[in-house]
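J.: Listed here are the chains, written in short residue letters.
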Amino acid sequence: MLSLSCEKDPEVGYEALPNLNERVLAGGETTVFLTSSNAFSTPAANLSGSDLNKHLDGDLQFESVFVSAPSEINGGVGPIFNNSSCVACHPKDGRSAFPSNINQISGFFLRTSLPGQAEMGGPRPVPNFGKQLQNQAIFGYEAEVQFAVSYIQRPEIFGDGTKVMLQKPVYGIAESYIPFPEGALLSPRLAPPVFGLGLLEAIPAFYILSNEDVNDSDGDGISGKANYVHDPISNTVALGRFGWKANTATILEQCAGAYLEDMGITSPIFPTETGMGQSNGNDGMGDDPEIALEVVDEVAFYCKTLGVPAARNLNEAAVQRGSQLFESIQCAKCHIPKMITEYNPIQVLSNQVFYPYTDMLLHDMGEDMADNRPDFLANGREWKTRPLWGIGLTQIVNGHTHFLHDGRAKNITEAILWHGGEATTSKEAFKNLTAEERSDLLAFINAL
Amino acid sequence: MKKIINSALFIVYVGMFFVSCSDTDTQDENPDNNQSFYKEVLSDLALNVITETYRSLNAQALTLQNAVDAMSVGDENALTTAKVAWQQTRAPWEQSEGFLYGPVDTEGIDPAIDSWPVDVNAINNILNSGNPITQSLLESNNEARGFHTLEYFLWGLEGTKPASALTNRELEYLKAAAANLQSKTEELYSGWLVSQGNFAGNFINAGNTGSIYASQKSALQEIAEGLSIIADEVANGKIEEPLNGNNGSAKPEAEESRFSNNSKLDFANNIRSIQNIYLGNYAGNVNNGLSAIVSENDSSLDVEIENLITDAINTIEAIPGTFTEAIINNREAVAQAQQKVRALQTLLDSKLLPLMSGL
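Each protein sequence line maps, in turn, to chains E and A.
Residue 1266 is where the first sequence starts when you use the working numbering, and the numbers rise one by one after that.
Residue 2 is where the second sequence starts when you use the working numbering, and the numbers rise one by one after that.
No wet-lab data here; the hints were simulated from the structure.
Any given hint could be a false lead.
[Said to hold, decoys possible] Result set (DSS-like, lysine-lysine): computed pairs, CA atoms no more than 30 Å apart in a straight line:
#1 Lys218/A to Lys1675/E
#2 Lys1319/E to Lys252/A
#3 Lys352/A to Lys1319/E
#4 Lys1433/E to Lys1675/E
#5 Lys1692/E to Lys1433/E
[To be verified] Selected chain A positions facing chain E (in silico; Cβ < 8 Å):
#6 Asp106
#7 Pro112
#8 Ser116
#9 Pro118
#10 Asp120
#11 Asn122
#12 Asn126
#13 Gln222
#14 Glu223
#15 Glu226
#16 Asn237
#17 Gly238
#18 Glu254
#19 Ala255
Backbone N, C-alpha and C fix where the C-beta goes; we use that ideal spot for every residue, glycine too.
In isolation and in its complexed conformation, chain E is listed as follows (with noise of 0.2 Å):
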């Protein structure tokens, strides 16, 4: 039935491209047909049985708020954190607000390391500090430290005159609790969305090495980079698909990193304190690994099995003029649409037609969105492309519509502004749209 697309409307008269009707289910058969603040937080459509009941369990695991030990239930959170359970950072399932105040607990943090490359090609760790800087400590501990931000107005003006006043946020230590090294990098995290992770993962990697053009041989002046980066549980080097720098290969590794960094819970991919050798980094307890291998990769198949959410309104005349410019100021050259899977041994992800939009490769986005701080083949210009998939729904699911990797842009007419580098282009000419067209183009990107 959906292949039955509306051709005869004669009103919209562009040449039948792109056809809006196949990406209806943006998840393919996982998608989920909510339009509530359930969107993001519903098990992929075709899981059964056996699968449902372990995401099931890891739903329970990505809700658990653990707490000081000893504990006779979820202790181990800290001593130094960033927060205390998955799902204070990823609500519903989605995106964080970045904190009205930056140091109350949030799903907003710094990464840090020191200029260069470690052994495996990584970031340096900062003696003392790591690479990630938790701001928050349990109760008699002193947290690493605390984040300062401050703001530089940025306008931009479209090709009508309509002014838009970014604010360019530059971070800062307010205080830690050794001095913190002068000539530190500092990177910003806001986190994302975690649904439909399992296919974004399975999609083979030919078909992602398929549009990487490292030295833009097109001459089209986008490159697309795939990151390889060290992935600490097969111990190889692998293909960078998550993170805001495609740094790390698996959806196990993010999850096993998150409690580690993020709360401070060792578990037995990563069975050591992150602050251990610091004086505020050991609990004294003994207690590590705090979970078991069976929770983190509960969490991890939570992640990978959550469905993803149908787009919508894709027969409105205004969101079709809207993909016919999401393709024509070539939005779509690295918001790449349509994805495949091949085998996979979670059944339902396999051999599925979806559409993320996003090409998964590295983009020199250009200097007012550089963080600076390399992260394994990742320059301090480049950064991941963000699918799309389910950002018109972010303000139901989430009240809110901070976006970028740190939330920088309010709404998304803000974070296409933000995009330079390679992107400096498409954005110009997004800015010479008329009014109407920008209002195509946004409706277009609310309905994915």
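Given the structure of chain E, go ahead and fit chain A onto it with the hints provided.
T.: For chain A alone, kept in the frame of chain E given last:
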């Protein structure tokens, strides 16, 4: 949280997508009437059930704060009054868990009010420190504030703590925690009030500019899904974990309100939350709930849902003794209550949600 059945929704949605390509919308024979009817239901639920529940929560939290302020070491009567006030504040909170969307979630109020488990080490460390115990100290400790922290102080770990065993330092903590709870409930109530945060407006004006819901149907779906989610949470979380969390046998430490032995009432009030939204009733005030829509479309389903809600509440309340005892000594009765709640969730998923999607 949310084992929402999607297959039924899928069929309806695909159907709609197809239909919407045609020139006329044949879904609805009488769209104008339905629009005002749905608006009435959405307004009643947003204003007279949800906002009213939060008004009551905030009023009770203020009573609780006053009761805690009146406590002193050794005053058993004041302790009893505070315990009763805690339970009377807990009731509207549990009756609000059928609608955990909006400010309660987006403003981080749920974890500030109802974080569980309690961080006993953090509490003891705070007590033993020289720091003045203030609301702002507690602000950075979700796991050491809210209902369960207050419960821990009022009842003690064994549920039998006398007022003579309280210390002045504990009273200082209690007072800060009660004040903090009240400020959070006030924030929540304000968040929904039309004259303030007006989250209620999203439902009242659903489908119009200014509402986050693109259609009335979408707003009604949100409300219906909330009912399924709390039924799931009660059956498969709050009851399942203490009953079977230890590889099929009891796991007493997984019981939420065990210091106060309030769990049975918590669960029953969660189901009353479903009842209030379904019938549109709160505190004896009769309005239009989802039932008004269901009865127009499928009157036998309406009766079935109503009866199963009542049945679930009765079966929970019929569990003998405390929940803590029952998961050991009356496992069958607990399992029966769990079964009823599961049946309710299944009915909501298989019949109510598809009905709402098909509007």
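J.: Using the nearest Cβ pair, does Asn237/A come within less than 8 Å of chain E?
T.: 7 Å, holds
J.: Let's test the interface hint: is any C-beta of chain E closer than 8 Å to that of Asn122/A?
T.: 4 Å, holds
J.: Any CB of chain E closer than 8 Å to the CB of Asp106/A?
T.: 6 Å, holds
J.: Is Lys1319/E within 30 Å of Lys252/A, Cα to Cα?
T.: Status holds; Cα separation ~20 Å.
J.: Answer holds if the nearest beta-carbon of chain E is closer than 8 Å to that of Glu254/A; otherwise answer violated.
T.: 4 Å, holds
J.: Should the hint that Gln222/A touches chain E count as held when the rule is a Cβ pair under 8 Å?
T.: Check passed: Cβ of Gln222/A comes within 5 Å of chain E, closer than 8 Å.
J.: Does Lys1433/E sit within 30 Å of Lys1692/E, going by the straight-line distance between their CA atoms?
T.: Given pair Lys1692/E, Lys1433/E holds - Cα atoms ~17 Å apart, limit 30 Å.
J.: Hint check: is the beta carbon of Ser116/A less than 8 Å from a beta carbon of chain E?
T.: 6 Å, holds
J.: Against the 30 Å threshold, does the CA-CA distance of Lys1433/E and Lys1675/E hold or violate the hint?
T.: Answer holds: Lys1433/E to Lys1675/E is near 11 Å, not above 30 Å.
J.: Take the shortest C-beta to C-beta distance between Gly238/A and chain E; is it under 8 Å?
T.: 7 Å, holds
J.: For the hint on Pro112/A, just tell me whether its beta-carbon gets within less than 8 Å of chain E.
T.: 6 Å, holds
J.: Quick check on Ala255/A please, does its C-beta sit within 8 Å of some C-beta on chain E?
T.: Since the shortest Cβ distance to chain E is 6 Å, the answer is holds.
When the structure is compared with the earlier hints, no violation turns up for any of them.
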